[in-house]
Amino acid sequence: MTVLENAVLGGRPAGLTTLAFDETDTRARVVVVGNGMAGARFVEEVLDRDGGEHFALTVFGDEPHGNYNRIMLSPVLAGEADEADIVLNSHDWYAERDVDLRAGVRVERIDTAAKVVHAADGTATPYDHLVLATGSHSFIPPMTGVRTADGSLLDGVVGFRTIDETRQMLAASRTHRKAVVMGGGLLGLEAARALQAQGMEVELVHAMGWLMNAQLDVEAGGVVRRSVEELGITVHTGAMATEVLSARVQGTDRVAGVLLKDGRRLDCDLLVVAAGVRPHTDVAVRSGIEVERAVLVDDHLATDVPDVYAIGECAQHRGTVYGLVAPAWEHATVLADRLTGTDPDAAYTGSRTATKLKVAGVDVAVMGVSTPERDSDEFLVISEPKRGVYLSVVVRDDLLIGATLVGDTRKVAFLTQAFDRGTPLPPERIRLLVDLSDGDAEVGVAEMPADSQVCNCNGVSKGAICGAVAEGCTSLPKVMDATRAGKGCGSCKGLVQKIIEWAADGELTVEESASWYVPGVPMPKSELIAAIRSEDLRSVSAVFERLAPGGADDAKSKMGLVSLLRMVWGSEYVDEPDAKFVNDRVHANIQRDGTFSVVPQMKGGVTTPAQLRKIADVAEKYEVPMVKVTGGQRIDLLGVRKEDLPKMWADLGMPSGYAYGKSMRTVKTCVGSDFCRFGLDDSTQLGIDLETRFQGVESPAKIKMAVVGCPRNCAEAYVKDVGVVAVGAGRWEVYVGGAAGASVRKGDLLATVTSTEEVMTLVGRFLQLYRENGNWLERTYDFVPRWGLDRVKETLLEDAEGICADLDAGIQRSIDAYTDPWAQDLATPSSPGQFRTSLPLTVLPQVPVR
Amino acid sequence: MTTALQSHVVGRVDEVPVGEGRAFTVGDTSVAVFRLRDGSLRAVAASCPHAGGPIADGQSDARVVVCPLHLNAWRWDGTPTTGAAPLPVYAVREQDGDLVVEV
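In order, the protein sequence lines correspond to chains A and B. Position in the first sequence (first residue = 1) + 261 = the working numbering. Note that the working numbering numbers the second sequence so that position 69 is 60, with each residue one more than the last.
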């Protein structure tokens, strides 16, 4: 059985990339060891300089994946980003560019005399230039019991460095409850927040006195701690774990807790070790390349061995080993400049690192030193622990040499500029941290100098973003593609967006796709309707064929298109079962165990003893696990097997109540004037009439209606998509856009009319206006405010847009097309196996019969 | 878990309408087979790794299949696009009108 337990990120369905080495290739051979942030970027930079013509590139990657954005693992762990979103370069990308990617192949050693790379798969790859970009690995501090006898980590102990480790944690978060995260630095905090977001109970153990001690001073660390604790994470600082405890679970030993030096024991079933990283230097050491803390390189990124270079976190330059992406990418650029000859004199002289990131939900920016070092240093601090804000700057000889911003990073652009370039500082130093003029608080983008750096990861300036806008990129994704701004940690995206808006002067700044009716067809609804009419497209497959890019179908667009086509064509719509969501294919609402719920129509919530008797008989015959009175005034039979659906419909002999569709569902009523002492009019009959007229009419989202016989509102008409209220003397108020679900909104009074005929006409017009103009899945409570109540009134009551006759005809077309889906599919199934079980080995229902 | 794969005839191709999915069993394994709009066949696990949802009831296109319960989606190589665990995939082919799945 092939089970993809470890899917390959950016992999190719046909298998992983392998290219044969061509003996006749006369290009210089460049071998890159490491396919992470630095190695892959180097390959990109070489290709950008047309290096593909002169160099044959081979990349070894320890992981089986394409190249992915390691910085984004925290959002993936937190469930905020999709794995697919963090792929930078897929296997296809390498193949298309003729780069030989050896993914999942570890390099053992380099014979620097023969200039050959020996890999664990037994291959020997000759090189002319070799680039080490081996990165770092998680540091696992020595603790009793952390490893098993064979040296591997105990089950349930995981580092936080790779996508595979992230997947392990995600899997554990589903099956386990308690996590201990070791390490209160960036990674540890991110892991703790993400696991907490996944529903785990998280304790954070940090050996030092305060959180993020490498970047922050004690006070700023305290502010971060408070914010982390507010998330519900327990923090232990000054706590050293000395032993990892295990317990035997289903035949294997798994982590059960950690023992702290002070004797305390913390129970857990997942232990994340994020206590720092160490450069991967074993290949270099084995190959006789000079290594101190990392591989030593000069200003040309060259090691002490000819034609061997090192970049990224595995390199040590002028005594510094960097752990951030920006310097790694600078290395890649400088080395690509030199090797390709684009700039033979390019040199790397070190990075002044400024970071801006979000730690456990808190914005943090740090650059340079965090505290004064000399008596003459100026030190300005604003500390508001209650608000979670800590700001400080260190100034020496009128130059900014350090800044720490926690909880408020509005001034980061200016400070980065001052830090990087030594720009003059305001004489009132407080202006470095706060804007004293309260008039125009957003000093922001307009006043930023063009060369001010916006994206620290990719070194993109405001000027470069403005340049991209001038060349026609007027949305965030386009500018990101063109400049790489925001493609590292992503924390600058908000600022990039603001600059785009400013540079484009309000023109075309909305991402086009936001206006599309469905994601798979690039058109807004009105344009799409026009195209469907003019090209006479009557089925979903025809729409994809003619209007989708490349004619490609899109699963997540199908349901919306069915709804739209039904509205446009009524009975002339050409049905395709595969275009419909399962609920619409079997006319029932799918439940969590794969069974369905059956709700017969019960107009206005009025039933009869005979109907109730029939429902009771059917419920007993099919052993329905639950019979429930719904909020929509009807009866729900829950836990029905798919294969029983048609038999139940036949036995019931009642029409579908449409409790599953994006359509008109039900009309609730009160007993009105027939029985109620207070009833002002016959709400029951009007409700039945409304349900009869508009039954099954499909719409952008579900429509719930109610009619009440007086303003006491017993059937909750004020909070329905369409609500009708009798106010006496034959007058009715019609409300639209109400809701009492996740959103609660009282409907807007559309009109007060004097007959039930007028109610029917007005409701029909409103429904059709909504059906033609509502976005897919946009409920009326969003649609009405979006369109504007005044415009809705003018359109429907005064015919200000001259469309009332069309609206009336449109809704009538759908009313005429109504057929009871139960009766219809009972007569002829819509496709073979329409009611076959989809979980053949599962005994359904999985709910006990009450 | 990897054992030698064996070919099994699970049914007839015309049991799977174009564009839809149907579930079949091979021993104690249940498989959802889809016939895409271009006529090609795909086979994946019948229940989703996230909540046991009935994949054969899901909608699909040339690129992905979508689980009807929570709308998680997987590419046809089983890799998720919505952060769920990967979906097992199986080789499937047509042979004289029979559906042959390798499990």
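Careful, some of the hints might be misleading.
Claimed, not checked - Derived list of chain B stretches under chain A, where covered just means 3 residues or more per stretch with a C-beta under 8 Å from a C-beta of chain A:
id: 1; segment: -4 to 4
id: 2; segment: 36 to 43
id: 3; segment: 65 to 78
id: 4; segment: 85 to 91
What the hints assert, rightly or not - Chain A regions said to be covered by chain B (calculated; three or more residues, Cβ under 8 Å):
id: 5; segment: 801 to 815
id: 6; segment: 1098 to 1108
Honestly, the hints are just simulated from the structure, not real lab data. The C-beta atom is built at its ideal place from N, Cα and C for all residues, glycine as well.
Now for the hints, and whether the structure bears them out:
no.	hint	result
1	-4 to 4	violated (count 1)
2	36 to 43	holds (count 4)
3	65 to 78	holds (count 12)
4	85 to 91	violated (count 0)
5	801 to 815	holds (count 4)
6	1098 to 1108	holds (count 6)
Hint violations for this structure: numbers 1 and 4, all remaining hints satisfied.
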